[in-house]
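A.B. asks: Protein chains in written order, with the numbering used here: chain D, 226 to 327; chain W, 226 to 327.
These are calculated hints, taken from the structure and not from any lab test. Beta carbons are placed, not taken as given, at the ideal position from N, Cα and C, and that holds for glycine. Treat the hints with care, since some could be wrong.
What follows is a set of in silico ranges between Cβ atoms, one per label pair, in the way DEER data are often shown [what the hints assert, rightly or not]: (1) G240/W x R257/D: 34 to 40 angstroms; (2) V315/D x A294/W: 31 to 37 angstroms; (3) A258/W x Q250/D: 45 to 51 angstroms; (4) V323/W x D325/D: 14 to 20 angstroms; (5) K290/D x A284/W: 36 to 42 angstroms; (6) A247/W x A303/D: 38 to 44 angstroms; (7) E239/W x A251/D: 48 to 54 angstroms; (8) A291/D x R300/W: 44 to 50 angstroms; (9) D325/D x A324/W: 16 to 22 angstroms; (10) F298/W x P313/D: 38 to 44 angstroms; (11) A291/D x A284/W: 36 to 42 angstroms.
Covered by chain W, per the in silico footprint, the following chain D stretches (three or more residues, Cβ under 8 angstroms) [stated by the list, open to error]: (12) 271 to 279; (13) 303 to 311.
Number of protein chains: 2
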Amino acid sequence: MSALDVVATLEAQEGRGDELVAVLQASLATVRAEDGCLRYDLHRVRRRPDEVVMVERWASVDALKAHGAAEHFQRTSAQLADLLAAPPVVRVLEAVDVADPA
Amino acid sequence: MSALDVVATLEAQEGRGDELVAVLQASLATVRAEDGCLRYDLHRVRRRPDEVVMVERWASVDALKAHGAAEHFQRTSAQLADLLAAPPVVRVLEAVDVADPA
Numbered sequence: 226m227s228a229l230d231v232v233a234t235l236e237a238q239e240g241r242g243d244e245l246v247a248v249l250q251a252s253l254a255t256v257r258a259e260d261g262c263l264r265y266d267l268h269r270v271r272r273r274p275d276e277v278v279m280v281e282r283w284a285s286v287d288a289l290k291a292h293g294a295a296e297h298f299q300r301t302s303a304q305l306a307d308l309l310a311a312p313p314v315v316r317v318l319e320a321v322d323v324a325d326p327a
Numbered sequence: 226m227s228a229l230d231v232v233a234t235l236e237a238q239e240g241r242g243d244e245l246v247a248v249l250q251a252s253l254a255t256v257r258a259e260d261g262c263l264r265y266d267l268h269r270v271r272r273r274p275d276e277v278v279m280v281e282r283w284a285s286v287d288a289l290k291a292h293g294a295a296e297h298f299q300r301t302s303a304q305l306a307d308l309l310a311a312p313p314v315v316r317v318l319e320a321v322d323v324a325d326p327a
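Bound-form chain D, shown alone:
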């Protein structure tokens, strides 16, 4: 079973981008320690101060599902709920043409 690359885009309510980054940053260590978490990186977006992009890689679909169900992640999601302008957009990528699959 090949790894899953995921790009998740989160948009905070106007002016609350720093709060969004802080909540996510506090969760990074716990998520990275999860089984099958191969990459879980936090990025801001140039000229979009209220947007955050998580670039993730999971060892399997099961690992990604376990992440979504994890209690700590549910707590983080609850914290995010009143911060976000819209639900997160989670895109599971399917490589069509990847030059050097890292």
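Please arrange chain W on chain D, whose structure you already have, making use of the hints.
C.D. replies: Coordinates of chain W only, in the frame set by chain D:
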């Protein structure tokens, strides 16, 4: 000057995802040959057949700008214009917490 990671999301008009992939796939070799293009990878999105995500890395802001101005890219963009449901969303990522900057 550090490299720039970019995630570009493109959405085709309903049912035209395959056409979108074909146009982009035809452009990959030319773009990858551009100065400063470190990564230019084409992905589809699971359960979103009309969406494509380009995961890109550019050696510098200048390299990304030159890409945008390149004649061949302008031609590709013109081809895409009548295929897309909305303008592409190009996000230049700014790392906040990246575990192992590849």
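A.B. asks: Hints first: check each against the structure and report whether it holds.
C.D. replies: Cross-check of the supplied hints:
1. The given range of 34 to 40 angstroms is respected by G240/W and R257/D, whose C-beta atoms sit roughly 39 angstroms from each other.
2. With their beta carbons about 33 angstroms apart, V315/D and A294/W fall inside the hinted range of 31 to 37 angstroms.
3. Checked against the hint of 45 to 51 angstroms, the pair A258/W and Q250/D fails, with Cβ atoms roughly 38 angstroms apart.
4. For V323/W and D325/D, the hinted distance range of 14 to 20 angstroms is satisfied, since their beta carbons lie about 18 angstroms from each other.
5. Distance hint check: the CB atoms of K290/D and A284/W are about 37 angstroms apart, consistent with the given range 36 to 42 angstroms.
6. A C-beta distance of roughly 42 angstroms is found between A247/W and A303/D, which places it inside the suggested range of 38 to 44 angstroms.
7. At roughly 40 angstroms, the beta-carbon separation of E239/W and A251/D lies outside the given 48 to 54 angstroms, and the hint is violated.
8. Our hint of 44 to 50 angstroms for A291/D and R300/W holds, since their Cβ atoms are close to 45 angstroms apart.
9. The supplied range of 16 to 22 angstroms is met by D325/D and A324/W, whose beta-carbon atoms lie about 19 angstroms from each other.
10. Range check, F298/W to P313/D: Cβ separation about 30 angstroms, and the 38 to 44 angstroms hint is violated.
11. Taking the beta carbon of each, A291/D and A284/W are about 37 angstroms apart, inside 36 to 42 angstroms as hinted.
12. Only residues whose C-beta sits within less than 8 angstroms of a C-beta in chain W count toward coverage, and the region 271 to 279 of chain D has 6 of them, enough to reach three; the restraint holds.
13. Residue count for the region 303 to 311 of chain D with a Cβ under 8 angstroms from a Cβ of chain W: 0. That is fewer than the three needed, and the coverage hint is violated.
Comparing the model with each numbered hint stated earlier shows that hints 3, 7, 10 and 13 do not hold.
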